[in-house]
Every structure is written in C-alpha cells, then in structure tokens.
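Student: Read off the chains here:
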Amino acid sequence: MLPSWVAEGALPKQPPRGRSTGFVERMLAHSARFVEQAVFAEQVARRPGFLQQTDARTKLISVVGLTVAAAFLHHLPPLWLVGAFALAAATLSRVRVGELFNRAWWVLPGTFVLVAAPAIFNVITPGAPVLTLLHFGEGARLGPVRLPADLTVTRQGVASAGLVVTRIWVGVLLAVTLTLTTRWQDLLKAAGTSVAAPFVLILAMMYRYVFVLLRVVDEMHLAKRARTISPGSLAVERRWVGSRVGALFVRSRRLTEQVYAAMLARGYSGEPKALARFHFGWREAAWALLCVGIMAVALLGDRVVLAGLRW
Amino acid sequence: MVSEVFRLHDVVYGYPDGRAGLSGVSLTVRQRESLVVLGANASGKTTLLQLLAGLAFPASGRVEAFGEPLTEAVLREGPFARSFRQRVGVLFQDTEAMLFNPTVYDEIAFGPLQLDLPEEEVRRRVDEMAALFGLVPVMQQPPHQLSGGERKKVALAAILAASPEVLLLDEPTSGLDPRSQRWFVELAGELRAMGKTLVTTTHDLHVADEIGDRVVVLDEQHRAAADGRPRDILTDLDLLLSVNLVHEHAHVHDGIIHVHPHSHVHEHPHE
Chain A
1 MLPSWVAEGA LPKQPPRGRS TGFVERMLAH SARFVEQAVF AEQVARRPGF LQQTDARTKL
61 ISVVGLTVAA AFLHHLPPLW LVGAFALAAA TLSRVRVGEL FNRAWWVLPG TFVLVAAPAI
121 FNVITPGAPV LTLLHFGEGA RLGPVRLPAD LTVTRQGVAS AGLVVTRIWV GVLLAVTLTL
181 TTRWQDLLKA AGTSVAAPFV LILAMMYRYV FVLLRVVDEM HLAKRARTIS PGSLAVERRW
241 VGSRVGALFV RSRRLTEQVY AAMLARGYSG EPKALARFHF GWREAAWALL CVGIMAVALL
301 GDRVVLAGLR W
Chain B
1 MVSEVFRLHD VVYGYPDGRA GLSGVSLTVR QRESLVVLGA NASGKTTLLQ LLAGLAFPAS
61 GRVEAFGEPL TEAVLREGPF ARSFRQRVGV LFQDTEAMLF NPTVYDEIAF GPLQLDLPEE
121 EVRRRVDEMA ALFGLVPVMQ QPPHQLSGGE RKKVALAAIL AASPEVLLLD EPTSGLDPRS
181 QRWFVELAGE LRAMGKTLVT TTHDLHVADE IGDRVVVLDE QHRAAADGRP RDILTDLDLL
241 LSVNLVHEHA HVHDGIIHVH PHSHVHEHPH E
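Residue numbers (the working numbering), protein chains in the order written: chain A, 1 to 311; chain B, 1 to 271.
It should be emphasised that the hints constitute simulated quantities derived from the structure, not laboratory data.
Here the structure is a predicted model, which means the values were calculated and not measured.
Using N, Cα and C, we set each Cβ at its ideal position, and we do this for glycine too.
One should not assume that every hint holds.
Stated by the list, open to error - Computed Cβ-Cβ distance ranges for the label pairs, DEER-style:
| no. | chain 1 | residue 1 | chain 2 | residue 2 | range |
| --- | --- | --- | --- | --- | --- |
| 1 | B | 20 | A | 228 | 35 to 41 Å |
| 2 | B | 62 | A | 219 | 39 to 45 Å |
| 3 | B | 244 | A | 254 | 21 to 27 Å |
To be verified - Computed footprint of chain A on chain B; a stretch qualifies when at least three of its residues, placed anywhere within it, have a C-beta under 8 Å from a C-beta of chain A:
| no. | segment |
| --- | --- |
| 4 | 86-96 |
| 5 | 110-118 |
| 6 | 142-149 |
| 7 | 155-165 |
Put together the whole structure using the sequences plus the hints.
Tutor: Here you go:
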C-alpha cells in the first residue's frame with residue numbers, strides 16, 4: 001500500500017541561494033565535445049579521398065619519414081615545401097583547410113611561448129640586434145647571473161625561433177593530415193606492425209572504453225538533472241562530482257575485470273593477434289614515391305642550394 | 001552413449017563480500033542437450049555459468065568439464081586450457097564488456113584468430129557470420145555505436161565464429177525486443193539441430209519452454225530447487241511461486257476478486 005502523501009504531489013520549492021554550479025555542465029560539455037570530435041574525425045576518415053583509400057601502414061611510414069626529414073631541415077623554404085605538400089595532400093583527400101587548421105592551431109601558442117619566444121632574445125641567441133627592449137648597462141647582474149648591457153631581439157634569434165615553430169607546425173600538419181584521413185583502429189594496426197602489439201592492444205581498448213565511460217558519465221548527469229528540482233550549492237555539487245568520480249572508478253574497475261574474463265573466455269592467451277589488412281598497390285606506390293621525392297627535394301635544397309646562402 | 005560435458009558436485013561459491021553465490025549445487029550437463037537454468041534475480045545463475053566457463057572457481061565442491069577437473073591451475077596454460085576455450089563459448093550478459101574490439105569486424109575475427117586459423121579462413125568465417133546475422137552494414141563500426149539488439153547479435157556471431165561445441169549463454173534475451181527474442185529462439189533451435197550443447201540462463205519462462213530440453217531451477221537460497229523436463233517444471237506453479245519466478249496475481253472475474261499464481265507461459269486455472 002502506497003503512503004497517502006504520494007497522492008498529494010510535491011510542493012514548489014524556492015531555489016536556495018548559492019553560487020553558480022556551471023562547472024559540472026562545462027565538464028560534461030567538454031566530454032560531449034570529445035565524443036563529437038572523435039565522431040567527426042571518423043567521418044572525415046570515411047570520405048572517399050585519396051589518402052583515405054591509401055593503406056594506413058604506408059601513410060604512417062611516409063608521414064614519420066617526412067617528419068624526420070623536416071627535423072633535419074635548417075632553412076625555411078624546404079620546410080614550407082613539406083608543409084605545402086601536407087596541405088595539398090589533405091585538400092586532395094577532401095579535407096577542408098578549415099578542418100585541418102581547426103585541429104592544428106592549438107599547437108602554435110604553446111610552441112611559441114615555451115620554445116620559440118625565449119630564443120629570440122640575445123640572452124639565448126646572441127646576434128645582430130633588431131630591437132632593443134631594455135638597457136641594463138655594463139656589468140649588470142641578476143644574482144649570480146651576469147646580464148648583457150641590453151636585452152635585445154636578435155636577427156639570428158628570430159630566424160632560429162621561426163625555424164623551430166615552422167618545423168613543429170609542419171610536423172603537426174603532417175600528423176593531423178594522417179589522423180584525419182585514417183581511422184583510429186587502422187592507425188593503431190599500422191602502428192602495431194612497428195611497436196609492441198600489447199601496447200597497441202591497450203591503446204585500442206582504452207579508446208574503445210572511453211566512449212562507454214563517457215556515456216556512463218552522461219547518464220549519471222541526466223539522471224541527476226531529471227531529479228533535480230532546484231540546483232544545489234557549489235559544495236553540494238562538488239560532493240556530487242566527487243562521489244560520481246569514485247563511482248566511475250569502481251565501475252571502470254569492474255568493467256576491466258569483466259573485459260579480461262571475456263578475453264579469457266574467447267581464447268586470449270596473452271599474445272595479441274590481429275588481422276593484417278594491409279596492401280601495397282599503385283596508390284601506395286604513387287604516394288610513397290611522391291613522399292620520397294618531396295623529402296629528396298627538401299633535403300637537397302636545404303643542404304646543397306641553400307647551404308651557401310644566409311637566411 | 002551420451003557423454004557428460006560438465007559435472008558439478010556439491011559446489012559452494014561465495015563472493016568476497018560474504019554474499020553467497022551458490023550453496024551446494026550438483027548437476028550434470030550432457031552432450032547435445034539444451035539445459036536452461038531458471039532463477040530469479042541474484043539466485044546464482046550467472047555465477048553458475050562463470051563456474052562452468054572456468055572464469056570463477058568454487059570455495060568447495062568440484063567442477064568437471066569433459067571429464068577433467070576444472071581448476072585454475074589446469075586453465076592457466078597447457079593443452080587442456082587451449083582445447084577448453086576452443087570448445088566452450090560464452091555469451092556474457094553485459095555485451096559492453098564482451099565486445100572489446102575496435103570494430104565489429106575485429107570482434108568477430110577475434111575468436112578464430114586465437115585458434116591460429118589461416119587468415120583466409122578467418123576472413124571467410126567473419127564474412128559468413130556477418131551475412132548470417134545481418135551485420136554487413138555495421139562491420140566497420142565500433143560496438144558502442146550499435147543498438148542493444150545489434151550488440152547481442154555481434155556477441156553471438158563472435159562466439160559462433162570460433163565454432164564451439166558448447167555455448168554458455170547468460171540471459172541472451174534480456175533487453176531484446178520481441179522480434180529479436182524470436183530471432184534468438186530460432187537460432188537456438190538451429191544450434192540444437194546442429195548438435196551443439198547449450199546452457200542458457202534466464203528468468204524468462206517462455207524462453208525456457210521454447211529452447212530447453214531440460215530445466216534446472218535455482219531458488220533464492222542459491223540451491224538447485226528442481227531439475228526436470230520443461231513441461232513438468234513450468235506447470236508446477238507452486239515451485240515457480242516458491243522460487244519467485246511467478247507472482248501472486250489479484251484480479252476480478254465476474255465481480256469476484258481472487259488471487260492466484262501468475263505466469264505468462266501456460267493457462268492458469270480460474271476457480
């Protein structure tokens with residue numbers, strides 16, 4: 001017999017005063033965006049473009065080769081050539097420039113601030129000054145460190161920073177082109193031929209179960225929202241998030257045990273085995289030749305043509 | 001002569017937190033039979049299946065498979081461990097845990113690959129299973145993008161691709177819509193006709209009636225309360241009531257309220 005108050009319904013309640021609890025929403029929005037981006041990446045990788053139809057192993061080896069070659073280049077024009085090649089390959093593969101840069105831009109501020117910016121000053125890279133920022137005077141010291149008379153931006157420093165940023169940017173462009181035009185599982189399999197198979201298996205399973213756990217997070221949040229009449233205080237929300245993190249951890253641990261049991265039941269004996277779906281046809285040969293050609297032109301140009309010029 | 005696939009003798013299993021899983025269960029599973037394990041929630045059905053699958057081990061009592069004691073030591077490595085995993089396929093209740101590969105294709109190929117079959121044979125089996133289960137359009141999709149019914153189909157296809165002699169099916173129809181449930185019953189019929197041994201846990205009396213040659217009932221004290229033919233078990237309403245598989249149902253006939261055990265398998269008497 002249900003108690004009589006069930007029939008009475010709930011009285012509207014005044015929402016308590018408290019600070020905004022938007023961080024939970026933001027956290028969930030981030031997780032939703034991750035799923036969205038992963039789905040988007042799969043969509044691009046399914047387009048019928050040139051690179052999408054090229055064997056993953058060939059693509060991986062060629063992109064690693066181009067990135068290593070870029071690391072050995074000491075002049076900007078050959079680096080621009082490799083970058084332009086990556087851009088052209090992506091465009092030929094029906095990847096829009098916006099899509100490519102959307103995934104690659106975030107590397108720039110970090111590399112500039114952490115790696116390139118300090119290198120432009122005469123403290124790191126001595127050379128011809130192009131801009132004087134501070135005048136310390138002769139014999140100035142900062143503790144045990146002896147300071148130069150002036151803090152200047154040097155021509156050599158700018159060139160060196162530009163080279164580093166361009167090199168990293170080209171590497172990122174190549175990597176994004178590869179990951180956008182290759183499905184994650186194909187990329188992992190291609191990697192599995194060159195790195196330890198158990199490592200690849202772990203990565204593949206991590207990627208697989210991230211979505212499962214994100215869905216659990218989403219369901220927890222939806223269930224809470226469905227039963228929340230007025231938002232709680234920040235402290236209450238924090239406690240809720242903490243308890244859910246704990247619950248998620250317990251759940252993921254249980255899932256791990258179940259997955260391992262399922263693997264054992266299906267004959268897994270500790271040695272990962274996967275079907276190799278690699279082929280080397282005219283498309284792969286053409287792509288590999290093109291990459292080798294670009295590498296050769298860039299390296300020769302860098303070492304022979306530009307070596308005598310000053311940049 | 002019909003040989004035994006499994007034999008459990010006075011098996012007791014307890015969870016680490018002290019809850020009982022099974023309390024003194026003894027039973028045999030014979031080759032080519034379709035045994036249904038019926039029981040209410042938390043009666044020990046899944047635990048029983050895990051013991052048969054060599055994924056859990058009893059605190060006391062004995063489990064034998066194909067005439068050999070099924071212990072952690074023999075399943076760790078060696079020829080028996082390999083042949084056991086080859087001969088016994090397990091469908092987990094939670095397909096999310098069972099489907100751990102990145103795509104449906106890889107999922108179905110996983111079992112045959114563990115058997116070290118030639119690559120062409122693996123591909124042939126995967127393609128045939130995909131066609132049989134209607135999975136061709138989703139072969140390159142990750143399992144998390146599939147519906148519950150599709151996931152169940154992938155899980156079954158993945159087990160069958162390794163062609164086991166014995167199938168341990170944990171709640172195969174839970175979460176399936178009526179059409180998919182019918183599909184499963186027909187599939188179970190085909191598997192029986194092929195001579196496979198099936199052990200299916202369920203609390204669905206319809207399924208037990210349709211696919212079982214024999215039914216074992218677990219009660220809420222985690223013991224085997226009955227073992228017999230489906231007709232005999234499923235018409236014993238007192239038994240089903242005592243193990244919480246049917247419930248007392250009150251309704252009105254001709255202005256008279258009356259109460260009787262209620263199930264959806266057979267006609268019930270109205271007095």
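Student: Which of the stated hints cannot be reconciled with the structure, identified by number in ascending sequence?
Tutor: none
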